[in-house]
Every structure is written in C-alpha cells, then in structure tokens.
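Number of protein chains: 2
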Amino acid sequence: MQLIDGKAVSAQMKKEIAEEVAQIKKAGGKIPHLAAVLVGHDGGSETYVASKVRTCEEVGFKSSLIRYEEDVTEEELLACVDRLNNDPDVDGFIVQLPLPKHISEQKIIEAIDYRKDVDGFHPINVGRMSIGLPCFLSATPAGILELLKRYEIETKGKHCVVLGRSNIVGKPMAMLMMQKSYPGDCTVTVCHSRSENLKEMCLNADIIIVALGVPEFLKADMVKEGAVVIDVGTTRMPSSVTKSGFKLTGDVRFDEVSPKCSYITPVPGGVGPMTIISLMRNTLLAGKKEIYK
Amino acid sequence: MQLIDGKAVSAQMKKEIAEEVAQIKKAGGKIPHLAAVLVGHDGGSETYVASKVRTCEEVGFKSSLIRYEEDVTEEELLACVDRLNNDPDVDGFIVQLPLPKHISEQKIIEAIDYRKDVDGFHPINVGRMSIGLPCFLSATPAGILELLKRYEIETKGKHCVVLGRSNIVGKPMAMLMMQKSYPGDCTVTVCHSRSENLKEMCLNADIIIVALGVPEFLKADMVKEGAVVIDVGTTRMPSSVTKSGFKLTGDVRFDEVSPKCSYITPVPGGVGPMTIISLMRNTLLAGKKEIYK
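In order, the protein sequence lines correspond to chains Z and B. Letter 230 of the first sequence, counting from 1, is numbered 230 in my numbering, and no numbers are missing. Letter 156 of the second sequence, counting from 1, is numbered 156 in my numbering, and no numbers are missing.
To be clear, the hints were calculated from the coordinates, so they are not data collected in a lab. Here the structure is a predicted model, which is why all the values come from computation and not from measurement. All the given hints hold, so there is nothing to weed out.
A pair holds if it fits inside one copy or across any two, identical chains being indistinguishable in the list.
No more than 27 Å apart at the CA atoms, straight line, and that leaves these computed lysine-lysine pairs for DSS-like:
hint	residue 1	residue 2
1	Lys289	Lys25
2	Lys199	Lys224
3	Lys247	Lys7
4	Lys15	Lys30
Based on the provided sequences and hints, a complete structural model is requested.
And the structure:
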C-alpha cells in the first residue's frame with residue numbers, strides 16, 4: 001500500500017508556481033492577481049479565505065480580499081462582481097461559498113466573467129470541461145487529477161467508481177475520468193444515495209473516488225484487493241484528543257481499507273491540501289491568459 | 001417484450017405542439033420561428049434540414065433556411081450567426097453539422113447566442129444541463145428522456161449503462177440519467193472503446209443506451225433478461241432489398257436481443273423520429289421564452 005501524500009505534492013506544486021512567478025517578475029511581466037470576496041463571518045469560510053490569501057503571498061501572487069457583512073444585498077454583491085469583471089488588474093476571483101440565504105449563489109456564479117472564474121463553477125467552464133475543451137477546472141477535481149498524474153496511476157480502461165453526484169466533485173470527476181486523455185479513459189460508474197447496487201459496484205472498481213460526505217462510509221468489505229482509493233470526505237467530528245476539539249474525518253474507514261489498497265489518500269493530508277494549490281494554478285493560468293485570451 | 005414506438009410518440013408530440021401553436025396564434029401571440037443554416041450539399045444534411053423545415057410547417061412554426069455554398073468562409077458564417085443572434089423575429093436557430101473542414105465547428109457553436117441555441121450544443125447549455133439548471137437539451141438525449149417518460153419506465157436506483165461517450169449523446173445521456181429527477185436517479189456507467197469490462201457491465205444493466213455507431217454491436221449474450229434497451233445507432237448499410245439501396249442499421253442485434261428485453265427501441269422508428277420533434281419542442285420553448293428571458 002502506498003500513501004498518496006497530498007501535502008507533499010501540494011508543497012511541490014507551490015514551489016513550482018512560486019518559481020514561475022519569480023520568472024515572470026524577473027521578465028517584467030504582470031504578477032497574477034487573485035481577488036476573494038467573503039461575505040459574513042462563517043468560521044469555515046474565514047479559514048479557507050485566509051488560507052487562500054496566505055498561499056497567494058507564498059507563491060508571489062498579488063491578492064485582494066473584499067469583505068461584506070452578512071446583510072449585503074444581492075445587488076451590492078452583483079455590483080462587486082461587475083467591478084472585478086472589469087478590473088484589468090484582477091486576473092481571477094472567487095466568491096467564497098456558502099452565501100447568506102437571501103442571495104442566489106447561482107446568480108452570483110453566472111455573473112462572474114467565465115474568463116476570471118478560477119473556481120470553475122460557471123456553466124461555461126462546466127460545459128467546456130464536459131466537452132473536453134480548455135477551461136478552468138474546479139479545485140477538487142483538478143487536485144485529484146494531479147495526484148493520479150504525479151503518482152503515475154494507470155487509468156486507461158480501468159473501472160472508476162465515483163460515489164456522490166455533487167456539482168463540485170462527483171459529476172465533474174465522472175466527466176473527467178471518462179475523457180479520452182490521461183488521467184481518464186476509464187469506464188466510469190457514478191453511485192449515490194439512490195443506488196441499489198453500490199456495494200457490488202465498489203467491489204468491482206479499480207479506482208474509487210468517495211465524495212459522499214458520510215464519515216467512514218467506505219469499509220473494507222466494499223473494496224477489492226489492489227484498488228486505488230481517493231477520499232474526498234472532510235467532516236468535522238468532535239474529538240476529545242485534539243486541541244481544536246474536532247478532527248477531520250474522511251469518507252473511508254482508513255484503518256481497515258488501507259491495507260487492501262495499492263494507493264490511498266489519507267484524511268487529512270490527501271485531497272484537502274490539493275484544493276487551494278489547484279486554485280493557485282488556475283490563477284496562474286488566468287494571469288498568463290493560457291486558457292482564455 | 002414491448003416495442004418503444006418512437007414514431008407514434010413523435011406523432012403525438014407533433015400534435016401537441018401544433019395545438020399549442022394554434023392556441024398561440026389564436027391569442028395573437030408570436031409564432032415560434034426556427035432558422036436553419038445549411039452549408040454545402042451533403043446528402044444527409046440536405047435530408048435532415050429538409051425534414052426539419054417540413055416539420056416546422058406541420059406544427060405551424062415559421063421557418064427560414066439560409067444556404068451557403070461549400071466555399072463559404074468562417075467569417076461569412078460567423079456574420080450570419082451574428083445576424084440571427086440579433087434578429088428579434090428568430091427564436092432559435094441551428095447550423096447543420098458537419099461543416100466543411102476549413103470552418104471551426106466549435107467556434108461557430110460558441111458564437112451562437114445560447115438563448116437561441118435550440119440544438120443545445122453551446123457550452124452554457126451543456127454546463128447548465130450538467131448542473132441541473134433549465135437549459136436547451138440536445139435533441140437525441142431529450143428524445144430518449146421523453147420515450148422513457150411516456151412509457152413510464154422506472155429508472156430510480158436502476159443501473160443504466162451508456163455505451164459511447166460522444167459529446168452529443170453518451171456524455172449528456174450519462175449526466176441526465178444520474179440527475180436527481182425522473183427520468184434519472186440511476187446508477188450510471190459509461191463504457192466506450194477503451195473499456196475492459198464492457199460485456200459484464202452490460203450484463204449487469206437494467207437499462208442500456210447504445211450510442212457507439214457500430215452496427216449490431218450489442219448481442220443477446222450481453223443483455224440480462226428484462227433489460228430496457230435504447231438503440232441510438234443509425235448506420236447506413238448497403239442493402240439489395242430496399243429501393244434506396246441501403247437500410248438503417250442500429251447498434252443492437254435486434255432479432256436476438258429483443259426477446260430478452262422488457263422494452264426496446266427499434267431502428268428505424270425508435271430514437272430517430274424523436275430527434276426532430278425534440279428540436280421542435282426546444283423551438284417552442286424558445287418562442288415562449290420559457291427557459292431564458
């Protein structure tokens with residue numbers, strides 16, 4: 001069993017991006033600039049955005065943080081999106097989700113210029129991904145592809161089972177793994193809460209990507225010998241052991257599943273660290289206008 | 001075994017659409033207007049477009065046919081798309097594919113205003129479909145959904161195997177069958193030319209949608225008793241029996257597979273007749289501004 005070390009891969013990627021930014025700087029080019037919009041004071045969102053801003057600094061990007069209180073109106077937020085769309089210095093930006101209930105997340109997402117949509121949530125980017133055209137891939141799927149690539153995991157012709165059909169992980173992951181490319185070229189099965197035959201599907205899988213958000217859902221008797229298991233789950237479970245009072249728990253019962261695997265991602269330290277670095281890479285691509293002119 | 005009669009369903013839908021158009025007319029509303037752009041004189045394209053124009057007449061739509069010779073430039077075609085985008089009388093339009101090699105199909109598709117993209121090929125419509133938002137569904141997937149619906153075929157929790165991963169059938173079909181809706185809510189597997197375990201997947205399937213374009217690919221020993229089989233294949237095979245000198249052949253060996261099925265679509269007369277009528281429905285929706293304002 002080999003552990004897929006997302007922390008090490010993301011650190012390596014961070015180094016690579018920082019080097020490229022240093023070269024751009026040296027050549028007198030434009031420093032990539034990521035803006036983040038944060039509404040309210042949700043603990044999780046605060047942590048994510050702070051981490052994104054910090055990573056920008058570490059790789060040498062310019063970053064901006066725009067804050068609104070919980071009671072911001074949809075109109076104000078749309079006006080902010082419009083300003084960022086039209087700000088030539090901003091290469092890419094994100095609006096941290098979730099948003100307060102009185103604001104339509106979909107409306108905000110669709111208002112973002114898809115050429116600056118480094119989160120990859122705009123329908124144009126989702127559609128282009130599905131068709132197989134260059135686009136901004138959303139962070140978690142992009143991070144998983146990168147892990148498969150860096151560990152040179154064979155995918156062609158393999159059976160990949162995706163557990164979960166969310167718009168941000170399950171569906172894009174399925175589309176990507178069936179594309180005629182590497183990683184990809186898999187037979188892909190998507191299972192979810194309504195699936196009658198989930199266990200037998202998993203037992204048949206060469207690669208299992210679990211994104212259900214159900215702690216320790218995947219057990220040893222659902223996994224065949226030699227499988228590759230990618231755990232996207234990150235549920236905060238109360239813990240008396242950690243200082244914070246909780247611990248991140250994946251969707252895989254790691255202790256019993258890992259001995260059967262050829263490769264497995266731990267939680268934490270697997271897929272998690274890949275998401276922010278994938279956002280950084282999208283920002284770099286946006287800055288270099290590699291995907292859209 | 002029950003035959004799924006696409007010809008009868010499409011005739012019924014044609015009647016329904018014609019009635020709705022008659023009511024719109026009576027109420028003094030705007031008659032839906034479909035424009036079709038045809039480049040060159042390819043036999044298949046000529047037939048399809050003629051059939052689309054004829055069906056427009058039958059349901060009471062206004063239709064326009066814009067023809068270009070094979071040597072039209074990309075710029076001229078883009079200018080035509082631009083005119084149609086800006087023509088307030090045109091509710092929806094299609095550019096018949098394939099286009100000559102010197103013209104980028106993708107560029108033309110992306111130039112079409114997605115609110116008039118009744119073929120559903122624009123990345124925005126593809127992305128919105130994937131996310132589960134209202135959109136123009138492309139004709140073949142929409143036609144298959146309609147057949148499943150009108151025959152009240154159970155899909156929830158079933159295992160649906162899609163053979164083929166094309167952008168116009170396989171991928172959208174997979175996305176639609178996994179959505180939390182009816183028809184849908186299936187466990188979905190997508191197999192293709194690289195799949196190592198295609199036969200066992202098919203044997204496990206409750207619903208098989210075959211869109212490989214390989215005549216008589218699906219055989220009796222690949223189908224379990226009671227399966228639903230949807231045949232999207234339409235290959236022209238030479239024939240000494242028919243007047244035209246060819247016959248349409250599906251991707252299913254119908255004679256041996258059909259006795260095992262609970263439901264099956266024939267070729268011709270199954271999925272085929274559903275495609276044009278699905279385009280008509282999209283045009284009606286465009287005319288009524290039901291999807292986009």
